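J.: The primary structure of each chain is shown beneath.
Number of protein chains: 2
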Amino acid sequence: MNELHKILQELIGLNEIDWGNFSNKLIRKEFNAKTQIVKEGSVAQNLYFIESGLLRTYYLLDGKEINTYFACDKQFISTYSSFISQTISYEILETIEDSVVYELSYQNLVALYKESSKFEKLGRIIAEKNYLCVLDRTLSMQTKTAKQRYLDFIKNYDKKIVQRIPIHQIASFLGIAPESLSRIRKEISIS
Amino acid sequence: MNELHKILQELIGLNEIDWGNFSNKLIRKEFNAKTQIVKEGSVAQNLYFIESGLLRTYYLLDGKEINTYFACDKQFISTYSSFISQTISYEILETIEDSVVYELSYQNLVALYKESSKFEKLGRIIAEKNYLCVLDRTLSMQTKTAKQRYLDFIKNYDKKIVQRIPIHQIASFLGIAPESLSRIRKEISIS
Chain V
46 MNELHKILQE LIGLNEIDWG NFSNKLIRKE FNAKTQIVKE GSVAQNLYFI ESGLLRTYYL
106 LDGKEINTYF ACDKQFISTY SSFISQTISY EILETIEDSV VYELSYQNLV ALYKESSKFE
166 KLGRIIAEKN YLCVLDRTLS MQTKTAKQRY LDFIKNYDKK IVQRIPIHQI ASFLGIAPES
226 LSRIRKEISI S
Chain W
46 MNELHKILQE LIGLNEIDWG NFSNKLIRKE FNAKTQIVKE GSVAQNLYFI ESGLLRTYYL
106 LDGKEINTYF ACDKQFISTY SSFISQTISY EILETIEDSV VYELSYQNLV ALYKESSKFE
166 KLGRIIAEKN YLCVLDRTLS MQTKTAKQRY LDFIKNYDKK IVQRIPIHQI ASFLGIAPES
226 LSRIRKEISI S
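In order, the protein sequences belong to chains V and W. Mapping of the first sequence onto the working numbering: residues 46 to 236, in sequence order. Mapping of the second sequence onto the working numbering: residues 46 to 236, in sequence order.
Misleading hints may appear alongside valid ones.
[Stated by the list, open to error] Simulated crosslink set (PhoX-like; lysine-lysine; CA at most 20 Å straight-line):
no., chain 1, residue 1, chain 2, residue 2
1, V, K84, V, K70
2, W, K119, W, K231
3, V, K51, V, K192
4, W, K192, W, K231
5, W, K174, W, K200
6, W, K189, V, K109
7, W, K74, W, K119
8, W, K163, V, K163
9, W, K200, W, K189
10, V, K189, W, K109
11, W, K84, V, K174
12, V, K163, W, K192
13, V, K70, V, K204
14, W, K51, W, K79
15, V, K231, V, K204
16, V, K159, W, K74
17, V, K51, V, K174
18, W, K163, V, K159
19, W, K119, W, K189
20, V, K70, V, K163
21, V, K192, V, K159
Since the hints were derived computationally from the structure, they do not count as laboratory data. Model, not experiment: these values are computed from the prediction.
Start from the sequences, fold in the hints, and give me the full structure.
T.: Take a look at the structure:
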């Protein structure tokens, strides 16, 4: 919880009263590995701040899992499009490892928006960050080679994500065939 | 300007004082067709509200133009990733037809954020809308047929955009070869 307090102080300059209002609305939850927190076809009711663990969002395309996002300690995650539009989720939110998270409901976030412009700012920052993230992923797929996409991934993502996400899941996230990614990793380790 | 006032009243419940603060920061500009308002490699300094006209954003991939967004009367447009992150734009913002716009600078928008939570809300709504838009486009490319993408386009986009954007530019936006889109349009008009 201290970590989240620090992050919010940096992002939106939260004072003690704001923090009290915010933290009262959080629920601490523990999930075992491979738990589906948001199922396909349901509406995402919560935004999660990760205390510890490893999670992913993905969707199914012709029975194949396509990963769309990974997050670990001190990061936010949700099936975001479903959460902000309160419509049915095409994505699944699932733990990869045992995880401890703080849950903030949509209703409580909307209540916070009304309490202070700082929370509107938080909502805007999260939306802008998610926009840049999905745009970067889309553009990378269109304009960069598989090797460059993997090099960007290991440079930009948290070490825990790079080291602990199974390689076939990274391949699905980067839009690379698993055997091609294995070859790229060998090339990089040799050079 | 009245149109923008109405839209903001609906979106964020703007009162007269807020509207005064906001409208004082707008600059009305007229651009001829085919004017590059934001050039590739520059930083987008402004968000635009369109009074009348037709605009697009696009980037160059191996010398080919890839359209990323179209907007017309009563809509917002910018090379948005460059605008919110104040980094160099990979996109170009260009008028398709003669256009009249109201320009709001990044500095003025940041000043508005500090004045009222309503403007933070506006920033959040625009960011969320843009997130859903880029996600929908990416997913459509991955999961829908060319015909379905075109049917969605004519259903969801403003009539002015559907009727007046040249067909080769719609094809580039939808990721369809121009000759395939011509065939699809013939199929639809026959059926």
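J.: It remains to establish, for every hint, whether it holds in the given structure.
T.: Taking the hints in turn, this is what the structure says about them:
Between K84/V and K70/V the alpha-carbon distance is near 23 Å, which puts this suggested pair outside the 20 Å criterion. A hinted pair counts as satisfied when its Cα atoms are at most 20 Å apart, and K119/W with K231/W does not qualify at roughly 31 Å. Using a Cα cut-off of 20 Å, the hinted pair K51/V and K192/V is violated, with the two alpha carbons roughly 36 Å apart. Restraint check for K192/W and K231/W: the C-alpha separation of about 11 Å stays at or below 20 Å, so the hint holds.
Between K174/W and K200/W, the direct Cα distance comes to roughly 18 Å. Compliance with the 20 Å bound is thereby established for this hinted pair. Note on K189/W and K109/V: the hinted pairing holds, with a Cα-Cα distance of about 15 Å set against a maximum of 20 Å. For the given pair, K74/W sits about 15 Å from K119/W by alpha-carbon distance, which is consistent with the 20 Å threshold. The hinted pair formed by K163/W and K163/V meets the criterion: a straight-line CA distance of about 11 Å does not exceed 20 Å.
Proposed proximity of K200/W and K189/W is supported: the alpha carbons are some 15 Å apart, at most 20 Å. For the suggested pair K189/V and K109/W, the alpha carbons sit about 15 Å apart, so the restraint of at most 20 Å is met. A threshold of 20 Å between alpha carbons decides the hint, and for K84/W with K174/V the separation of about 23 Å lies outside it, so the pair is violated. Of the pairs offered as hints, the one joining K163/V and K192/W is violated, with about 44 Å between alpha carbons and a cut-off of 20 Å exceeded.
Only pairs whose Cα atoms come within 20 Å are accepted, and K70/V paired with K204/V is rejected, the gap being roughly 30 Å. Restraint check: the Cα-Cα separation between K51/W and K79/W comes to about 29 Å, which exceeds 20 Å; the hinted pair is violated. A C-alpha spacing of about 19 Å is found between K231/V and K204/V, which places the hinted pair at or below 20 Å, so the restraint holds. Between the alpha carbons of K159/V and K74/W the distance comes to roughly 35 Å, so the proposed pair goes past 20 Å and is violated.
Under the criterion of a C-alpha separation no larger than 20 Å, the hint pairing K51/V with K174/V is consistent with the structure, at around 18 Å. Annotation: proposed proximity of K163/W to K159/V holds, straight-line Cα distance about 10 Å (limit 20 Å). The straight-line distance between the Cα atoms of K119/W and K189/W is roughly 29 Å, outside the 20 Å bound, and the hint therefore fails. A distance of roughly 16 Å separates the Cα atoms of K70/V and K163/V; the hinted pair therefore holds under the 20 Å criterion.
This hinted pair does not check out: K192/V and K159/V have alpha carbons roughly 46 Å apart, beyond 20 Å.
In terms of the numbered hints stated before, the structure departs from hints 1, 2, 3, 11, 12, 13, 14, 16, 19 and 21, listed from lowest to highest.
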